[in-house]
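Participant: Chain by chain, the residues:
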Amino acid sequence: MNAVLRTENLRVEYRSRDLKQQTKVALAGLDLSVQTGEVFGFLGPNGAGKTTTMNVLLGYVNATAGAAFLFDVNVREPIARQRIGYLPELTYYYKFLTAEELLRFYARIFEIPKNETETRIDRLLKLVELEHARKRPIRTYSKGMQQRAGIAQALINNPDLLLLDEPTSGLDPLGRMKVREIIQRLKNEGKTVFFSSHELGEVETICDRVGILHQGELKVQGRVDDLVKEHQCNLEQVFLKVVGYQPQAI
Amino acid sequence: MNKIFAVAGVVIKELYRRKDFYVLFILTVLITGLMWLMNFFHDEQIIRFIKEICLLLIWISSLVIAVTTAARQIPFERESRTIFPLLAKPISRWQVMIGKFVGCWLATGVALLVFYIFFGLVSASREHTLPVDAYFQAFWLHWQMLGIVIAMTLLGSVALSTPAANMTIVFIITIGILAMGGFLHKLAEHMAEPSASLLTAIYFVIPHLELFNMRELIIHGWTGAALPRWIDVLGGTVYGLAYSAFFLITACLVFRRKALN
Chain A
20 MNAVLRTENL
30 RVEYRSRDLK
40 QQTKVALAGL
50 DLSVQTGEVF
60 GFLGPNGAGK
70 TTTMNVLLGY
80 VNATAGAAFL
90 FDVNVREPIA
100 RQRIGYLPEL
110 TYYYKFLTAE
120 ELLRFYARIF
130 EIPKNETETR
140 IDRLLKLVEL
150 EHARKRPIRT
160 YSKGMQQRAG
170 IAQALINNPD
180 LLLLDEPTSG
190 LDPLGRMKVR
200 EIIQRLKNEG
210 KTVFFSSHEL
220 GEVETICDRV
230 GILHQGELKV
240 QGRVDDLVKE
250 HQCNLEQVFL
260 KVVGYQPQAI
Chain B
90 MNKIFAVAGV
100 VIKELYRRKD
110 FYVLFILTVL
120 ITGLMWLMNF
130 FHDEQIIRFI
140 KEICLLLIWI
150 SSLVIAVTTA
160 ARQIPFERES
170 RTIFPLLAKP
180 ISRWQVMIGK
190 FVGCWLATGV
200 ALLVFYIFFG
210 LVSASREHTL
220 PVDAYFQAFW
230 LHWQMLGIVI
240 AMTLLGSVAL
250 STPAANMTIV
260 FIITIGILAM
270 GGFLHKLAEH
280 MAEPSASLLT
290 AIYFVIPHLE
300 LFNMRELIIH
310 GWTGAALPRW
320 IDVLGGTVYG
330 LAYSAFFLIT
340 ACLVFRRKAL
350 N
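Each protein sequence line maps, in turn, to chains A and B. Heads up, the first sequence is in my numbering, so the first residue is 20 and it goes up one at a time. Heads up, the second sequence is in my numbering, so the first residue is 90 and it goes up one at a time.
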């Protein structure tokens, strides 16, 4: 299998403007590889470096050392993002646009032909159940609807790799279920999904493999079944062990 | 180019869905309309006064629209975090920046055209003539000047910390150049060194926005031979585009190096 997402000795440092403060190492030599067609859960406590990794993969932040590749193209090149879809943790879209205008805008960025764009918009709005609200400005949407509009924009280019940053965060149980169903459907279609989440039960259900990041280092990487067997406990307990959680007496 | 025009399209949609333009246009219409209805001092030449007020309002309104629209583009994208899903697509930062410029410039151009059509109607209703060539030159040069101001504001929006600071500085620089830009070298003659050399250098470096101002010609009805030749208008266009390109390239270089997190 080919690696669609790969990082090689990736290091990111944030230099403080205050001379007295030390440089913060957000990622310390991350080596990661996600294969075609797998669903990869990227786990770690807050501040572990998950968002920094996403930021490097999406070209928002340049690595201090090492490199990251999407489909063997360095992420510093915008074309590396031609075959990916990205869903941010929260909904960050132009709220004065309607859902279909938003999708049309992103389709133009991908240079999708006009008639193909309209077909995809119809299909995606049906998939995320937003057909009835397609002509309403996004600012009038509920949080769940906005997140579904986000899923639609992430799929407009029919991506081969999806990067999902805590896709079910802040959604009600129904919203979570819908997002999970969509991820499952994408998995069945053979898409590669890379997603970060704190919902370990969800990760255990959906993911083929996981990586657990702690303090900028990848502590564990492997198949969910293998990790559960090896540690003889569920994924949540594996996670707590890896990050060195010690229960304290109250 | 498709990506640049896609970004520009969103800027234009935002402008016409906001109320700024409509408010400024209605204010201009109201003030000019009131002037038009009244005939101060029974002056036969009152139309010059009306034209002067109307053009002044158009200059102020267009500057406000151009600066406020351009100043909020990148900071708004960063603050609302819409820049993240956008840059997660195959688009480079320079394409985003150029798209923002094209959007602001086109949107301001459309607004300016509406203002000038209104001005033409006001003027024609009293003077019973419509010097289309003069008004077109005035509109065109005005638009080129706004291009420089928009590019300068976009540079400020990535170099300065807040949109308010950016807008204040751009307004001061623009109004300063419009009022004093043409006289700086003459002022320098009366100054001691090194201030004289410094002021002379500033005179040669700044974009001379006052060159794009045809208000006096329009107000006093100087048409025909008094108008700039079309070759001069073309020269002004090239001059304007050169300064816009300089500010825009600098803005792209600054934006390219900015960490977004």
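Think of the hints as simulated: they come from the structure by calculation, not from any bench. Note that beta-carbon positions come from the ideal geometry of N, C-alpha and C, so glycine has one too. Errors might be hidden in some of the hints.
Pulled a few chain B residues facing chain A out of the computed Cβ check, cut under 8 Å [claimed, not checked]:
| # | residue |
| --- | --- |
| 1 | Val100 |
| 2 | Glu103 |
| 3 | Thr171 |
| 4 | Ser181 |
| 5 | Asn302 |
| 6 | Leu349 |
Participant: Could you work out which earlier hints the structure fails to respect and list their numbers in ascending sequence?
Facilitator: 1 and 5
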